[in-house]
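Chemist: Top to bottom, those sequences are chains G and C.
So the first sequence is residues 17 to 368, counted in my numbering.
So the second sequence is residues 336 to 456, counted in my numbering.
There's no promise every hint is true.
[Stated by the list, open to error] No more than 30 angstroms apart at the CA atoms, straight line, and that leaves these computed lysine-lysine pairs for DSSO-like:
1. Lys180(G) to Lys200(G)
2. Lys18(G) to Lys425(C)
3. Lys26(G) to Lys343(C)
4. Lys347(C) to Lys18(G)
5. Lys71(G) to Lys144(G)
6. Lys430(C) to Lys18(G)
7. Lys143(G) to Lys71(G)
8. Lys426(C) to Lys25(G)
9. Lys25(G) to Lys416(C)
10. Lys18(G) to Lys426(C)
11. Lys417(C) to Lys26(G)
12. Lys416(C) to Lys26(G)
13. Lys25(G) to Lys411(C)
14. Lys352(C) to Lys430(C)
15. Lys18(G) to Lys352(C)
16. Lys352(C) to Lys25(G)
17. Lys411(C) to Lys18(G)
18. Lys430(C) to Lys417(C)
19. Lys18(G) to Lys343(C)
20. Lys26(G) to Lys352(C)
[As the list claims (entries may be wrong)] Covered stretches of chain G, as calculated for chain C (at least 3 residues, CB under 8 angstroms):
21. 49-63
22. 244-257
23. 315-329
Treat the hints as calculated values from the structure; they're not laboratory data.
Built from N, CA and C at the ideal position, the CB exists for glycine as well.
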Amino acid sequence: MKVLTEYYKKFLLVLIIPYLFISFILFVRIPFAVYSPGGISEVEDLIEINYNQDKVITGSISTTYIMAVQRPTYFQFILGTLSPYASISNLSTTYETYTNQEIAQISYLDKETSVDASIIIAYTYAKKINPDIEINYVVKSLVYGKAEYLDHYDEINFGDEFIKLIGDGGYVVTDISEISDYTKDSTSYDFTFKNEDGEIYTLTLSTDSEYDKFGVTLKEYAIVDNSTIYPTYTERQSNIGGPSGGLLQTLAIYNHLIDEDLTHGLKIAGTGTIRYDGSVGYIGGVEQKIITAYVNKVDLFFIPSLDPTYTYDNYQVALKVCEKYGIDSDGWLIPVSSFADAVAYLEGLDES
Amino acid sequence: MMKNDTWKLLAKDFTIKDILDSFIGAFIFASLIYAPIAIILVELITVFMYLLTLLVIIIIISLFVYVFCIYYFWYKSLILKKQNINTDIKKLFTKTAIITNIVVLVLGLVFLFVMIPILWV
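Could you put together the complete structure from these sequences and hints?
Modeler: The following block contains the structure:
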């Protein structure tokens, strides 16, 4: 070590300044977000339905993911400006106060709950054809957001379940819509949560004097009751976050539960969140998703279309993207507003 | 005198302490050079994910260079310590570096074609 240091002493000294510069652009992060094309991921690799194992599925159904770098380094920012397909925006105000790790936690929570939603919708639709299918769910209120002023910030985690709070007059509040009605007399209340390990804990949360809020955002989710479900399923840990795979997950699960093969040998991809009523919701990063699907040579791409008059309607944006990159959208880009729309389209392929 | 290229002979020319000290120095020097390159390549993947296969191949090639750098600095360090030796270190290290790089290539291809499809769900 010593002889090498002696021998390369001058060289090392000269390198210090460029080394510091390179370290600076590779490590210092800035408050932007870089979105770039990602890839497609087959739903069957994520969710395995323990049913119809002999069924031959000739094509594939995949979700489309993009790369979203929150708070990129200077180098990633420069790469984003150089890439013809990447877009750069300011960091979302929702995420401003969160660390990148917390943003990832929210993203994975979105993914997990979207899989539950997909299971519920697909099983409910399949049950209409096959009465053997059994699906039940419970509605849970989960921690979805935390404000900087939240008491016990580090003790409450994203995804923890809200159990109850002792409200005014000792009233036990379990429904989140009642929280504001029963927290008027005091500024501090006892909240009870359950963490992912199943441990129940109670914390006293106070309202912030400036915002007059506790600082915890709770959101209701339908969670599959695994004790009664038939057929059972296995969900693998995902590296890809976000709820935008909902529609395609639902399609793939449904395709597994029914006898016919909706894929018709096609490589199907798409995007769109799934709601509990079976309707499809908007997603972000349309341009990057279209490019991702195109470079992955998918045969057709489902995209949410809810209001053609709305400038940022996903389908309208996607049409412009196709035009910009010379992609023939006819018969490739399929606008849908619900899961039923997508199923009807695929069933229609059979007839045509 | 004809020089041989065996590890046994190298162990006779140098003490184990010298060989290990040179290796650690070489590893640190090569890593200092390679660390920014590795981070640059990883950050490239985060923005150019759609070129993943190409970028993983570039990472594998960069690892070849890293391995050669380690062996080069190791050789340099040993030569700087003692010059009158019977071992043909250059030949010995070149052979070993090639074998190491074959292992790197196999592991890289396994990672590319087996691990990524399994892990990236």
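Chemist: Does Lys426(C) pair with Lys25(G) here, judged by a C-alpha cut-off of 30 angstroms?
Modeler: 27 angstroms, holds
Chemist: Given the hinted pair Lys347(C) and Lys18(G), is their alpha-carbon gap at most 30 angstroms?
Modeler: 22 angstroms, holds
Chemist: State whether the coverage of the stretch 49-63 of chain G by chain C holds or is violated, taking the criterion as 3 or more residues with Cβ-Cβ distances under 8 angstroms.
Modeler: holds (count 8)
Chemist: Lys26(G) and Lys343(C) were given as a pair; does the straight-line alpha-carbon distance stay at or below 30 angstroms?
Modeler: 35 angstroms, violated
Chemist: Are Lys18(G) and Lys343(C) close enough, with their CA atoms no more than 30 angstroms apart?
Modeler: Holds, because 24 angstroms separates the two Cα atoms, which is no more than 30 angstroms.
Chemist: Holds or violated: Lys18(G) with Lys426(C), Cα cutoff 30 angstroms?
Modeler: The given pair, whose Cα atoms are some 24 angstroms apart, holds under the 30 angstroms limit.
Chemist: Starting from Lys71(G), check that the Cα of Lys144(G) is at most 30 angstroms away, please.
Modeler: 20 angstroms, holds
Chemist: When you check the alpha-carbon spacing of Lys430(C) and Lys18(G), does it fall within 30 angstroms?
Modeler: Roughly 26 angstroms separates the two Cα atoms, so the pair holds.
Chemist: For a C-alpha distance cap of 30 angstroms, please report whether Lys180(G) and Lys200(G) respect it.
Modeler: 16 angstroms, holds
Chemist: For Lys430(C) and Lys417(C), compute the direct alpha-carbon distance and say whether it is at most 30 angstroms.
Modeler: 21 angstroms, holds
Chemist: Mind checking the alpha carbons of Lys143(G) and Lys71(G) for me, to see if they're no more than 30 angstroms apart?
Modeler: The hint holds at about 18 angstroms.
Chemist: Decide if the proposed pair is consistent with the structure: Lys18(G) and Lys352(C), CA atoms, cutoff 30 angstroms inclusive.
Modeler: 13 angstroms, holds
In terms of the numbered hints stated before, the structure departs from hints 3 and 23, listed from lowest to highest.
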